[in-house]
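Engineer: Listed below, chain by chain, are the residues.
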Amino acid sequence: MGAEILGVAGAARRGLLTTAIAAPGPLPAGHASNVVAPPFAAYVLGRLGYGQRPGTAFSIAGFNALGANDDARLEAFVDEQLDPARGGDGQVVDAESDARLAGPEFATLRKSFDQLWLDHEVNGNPSGGPNVRDHPIREGERMVFVRALYSRWQLHEQLVGFWHDHFNVYGYDRYAAPTWAAWDRDVIRRHCLGNFRQMLEASFKSPAMLYYLDNYINRAPSFNENYAREVMELHTLGAISYLGAAMQQHEVPRIPAGDDGAGLPIGYVDADVYELARALTGWSFGNGSNGTAYDGHPAFINGWHDIGQKTVLGAFVPANTPPEEEIATFLDAIALHPGTGRYIALKLARRFISDEPPAAVIDHAASVFYAQRSAPDQIAQTVRALLLFDGVPGCFRDVGNFGNKVKRPFETVVSALRAVDFDYTIRREDSTSNSFMDRFRRSGHRPFDWRPPDGFPDSSDYWMSSMAFVHAWRTIDWALDEGTGSGQTPLAPVLAITLAEMSADPAQHTPVKLADFWLMRCFGWAPDAVNGWRGTALHACVRDFMCRNTDTISLWNPDVGIGAGPAGNLLGIDSNSSPNWRYNRLRGMVDTILFSPQFMLR
Amino acid sequence: MGNLTRRAFLKGSALGLTALGGVQLGFRVGAARREWQDERFLVFVFLRGGMDGLNLVPPISGADREAYEQKRPTIRIPISGPTAALPLSGAFGLHFAAGGLHELYQAGRLAIVHGVGFPQNRISRSHFEAQDYIDLGTPGELHTGNGWLARHLLAAGQVPPGAAIPSLSAGASAPLSLLGRRDAMTLDDPSSFHPNANSGIRVDGQPIYKLSTMITLHQLYAGSGTLDLAGSGAARTVDLVDALDIASYTPSPGANYPTSGPGASLGNQARLIANVAKRGLGLQVATLDYGGWDTHQNQGSGDQPNLNQNAYAARVDGLSQALSALYADLAGSGMAQRMVVIVQSEFGRRVRENANRGTDHGSGNPMLVLGGRVNGGRLHGTFGGLQPGQLYQNEDVATTTDSRRVHAEVISAHLGNPGIDQVFPGYAWPGPMGVIQGDSIFSDGFD
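These protein sequence lines map, in sequence, to chains A and B.
The first sequence: position 68 = 68 (my numbering), numbered continuously.
The second sequence: position 359 = 1359 (my numbering), numbered continuously.
One chain only, chain A, in its complex shape:
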């Protein structure tokens, strides 16, 4: 249906493809040469979460215990992850991350919208008092690290991140910052496995969004089109259904009989944007001006509303339609159009499958999204359909997809810290946490710090940049080196893990064995049951780091225990003195694993 026209109208940004055009075929050219194909479990855990975490259910062993074969395991895994434990308020419950978030540094997470408004907007910046306006966003940006690091509901966290990008709001915006906990909890988390139409309405009626995209001041007759345009282009039908500036509504072809949405216009034009902008005139929130209460609640300003008749995507409302009814009609029109399912399916496929996902997978997920448009678990069903669809090369269960996505900095850092048992709660007003955030910020991927409305890019091309790589690596290096408290307890117990899980015997601490142990520890698997990672190019690089002499030229014998090495190297791996700084060397070696192409890929 209308593939040619949609093809011309375009593909979403940066991915450079359309659903209609991407055909099953050869996978994209490999991103890296010396990369070993992982087992299915490792691939799934890296795609649907932030990587394996040794010793937890979210590990290779945990995945493999879910069934007799990979297909059964994937189905069981997806079903479990899409049905996380929930508390009485409907929010997802996770013992470890909830415990870490229970302290006063995360107090705003537990406040109602009204309480947030009172504490952080009304009293956010009192004269002479402490400025607490930003506390909710500061807690929110650190909370997502805590949950991604420690929650067992990893797919849920991935989807929370997906929807935050989709309904992007700049976190430090005027009304987003003080109400962030409500935006995150009541709009994104509440609906992220739920019903899209409800999620869309919740996002629209949030002061964060009403302000961010200017609808709070949208009034007749010289309407403000900002939200109306972006809600169509970015939140619902997407640019893949935008037919350009030159076409008028009556010229748009209709979806043929027999297809989903038969009889509707196949896409939208600028006139649809303008009509929707007119329909949205008067929808504001209580900010204490223009007769509204100062309470942050959605407010309809009657005198600002354009009462005339409107048509959006073929849906018509006559003049003087009650505003709630009018808005419901048009939110239905954009949320329930089959183009919205196609766009959401495309974006989900880009997140979880590849930058150029197979059309058959998208079509399947889009059809489920459309068929289940009234279901309370529409999104969970769509994600399930997307992940379990079988039968074409390049579908999710095709492990050949491994390596076609490069991790974004958030994923790079979180998966690295999970692999080395990083044990620290990144939180507000804590100097160690601030050091972490200051480093991570420079990667360009600080949570909720994306000002344009399209959300952080998802394409690997964007993130393969020197800044993203070097600052993600620098953050990891910092985390491996940093200690806390009077004893400078390491945040990542690299030495303790080595001594406890590998060996406390200095004779065993040879570069060959240390490299092999830590490769296995970081990835959770090895290419060979007997030789582990030995014999791979990656192992050689890591090993050589460990036995490179202080002249940075010669190499030690890689088979001699580092504690019994060349003259002068008689101390154990836990010593950290000149000239070899063995502990630093060991942490530097683990760095090189976490900086490697094998680790940077999903």
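Treat the hints as calculated values from the structure; they're not laboratory data.
Since the model is a prediction, treat every value here as computed from it, not as a measurement.
Any given hint could turn out to be false.
What the hints assert, rightly or not - Below, a sample of chain B positions facing chain A; criterion: calculated Cβ distance under 10 Å: (1) 1230; (2) 1430; (3) 1431.
As the list claims (entries may be wrong) - Anything over 12 Å on all C-beta distances counts as not near chain A; from chain B, calculated: (4) 1062; (5) 1179; (6) 1197; (7) 1261.
In this text, a Cβ means the ideal position worked out from N, Cα and C, and glycines have one as well.
Fit chain B to the supplied structure of chain A, relying on the hints for placement.
Structural biologist: Leaving out everything else, chain B in the frame of chain A:
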């Protein structure tokens, strides 16, 4: 590769990384400076968000002025008083906060091209489509696998042999215009730009694990896949920043980059570009992004001189200061002739202001071209007019010049690349408009 010495790695008058990362870097810095003395380069400044060009270059007299005042009752730039437009040639002026740009215009170094945009059947009022159209250099087509600047660099002979930094994106990520160019250096702030802060004994002043990490990174990313090239490129960037001490730089006297306000970040990035350009590293193309132009509301009253209360003016001021400093910096080193700066946005904004003293998405928009070889002090192209019947869809300034037309002229006349059809596939270039000196002059728009 394990026995590569730190000396080959760091010194030897060369950044001898050739053997390491498969990246050709075996040039001598001293020699390179001489060899590339005359190398020309382009700085592409993308004003993302849809810059309101009608307020940057407003009409100041005639019937268009009347229409302008009528359609923009609160945000129009006045022709008298403290916020009066700075007069250009003819019936146009420059925004009052663009004093630095105005001086460059008066000095003949800044040209303005009216009505730049896409062909009418390719117009998009979507930020993200329109930005991609420009970056990819293929309006109406988003499937293009590489960007226009990448295609320029890929053309034979464009990148000097052994160039260490043929392209530089001063920001967090390279724009789509460089898509396909895997050695594009991306750098925002050169301070603390290294992946390992580890201690250990120092060798040649460097902690050994910092050195050793870099050696291993080059080994890890020694392959030829796209990630390999990105990873080795990141490592190479670290090496260069370190070996050339990029973090240390003193601009030419009089080059005052803005350090506060919305232009501070742009100023830092422009400063980095000048810094790299002056080092003789083969720079051909540099890109800058300067966002925040999506002024749907309160873009600033035309009468408000206080930049703290005039968001659009403050942004214009940042642009003007940063570009003035960049030009002064290069000119102070006798290198103004080498540089051309193109400044453009994805589209202009609607002529009529909305109820929120802002403007919504439009189409045709002015483009700025700055440099020592620019035919400046002139308005090029055709202003479509603000009278009834002259506007595109009764709302926007009409597009009269395809933006590729100017890009092509800069590539051909300034950078010496004759392969316009390779850089802009499917585009029938009507020839130069005379924006760059030394070319036949026939200023017009679409034929």
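Engineer: Which earlier hints turn out false for this structure, listed by number in ascending order?
Structural biologist: Those not satisfied are hints 2, 3, 5, 6.
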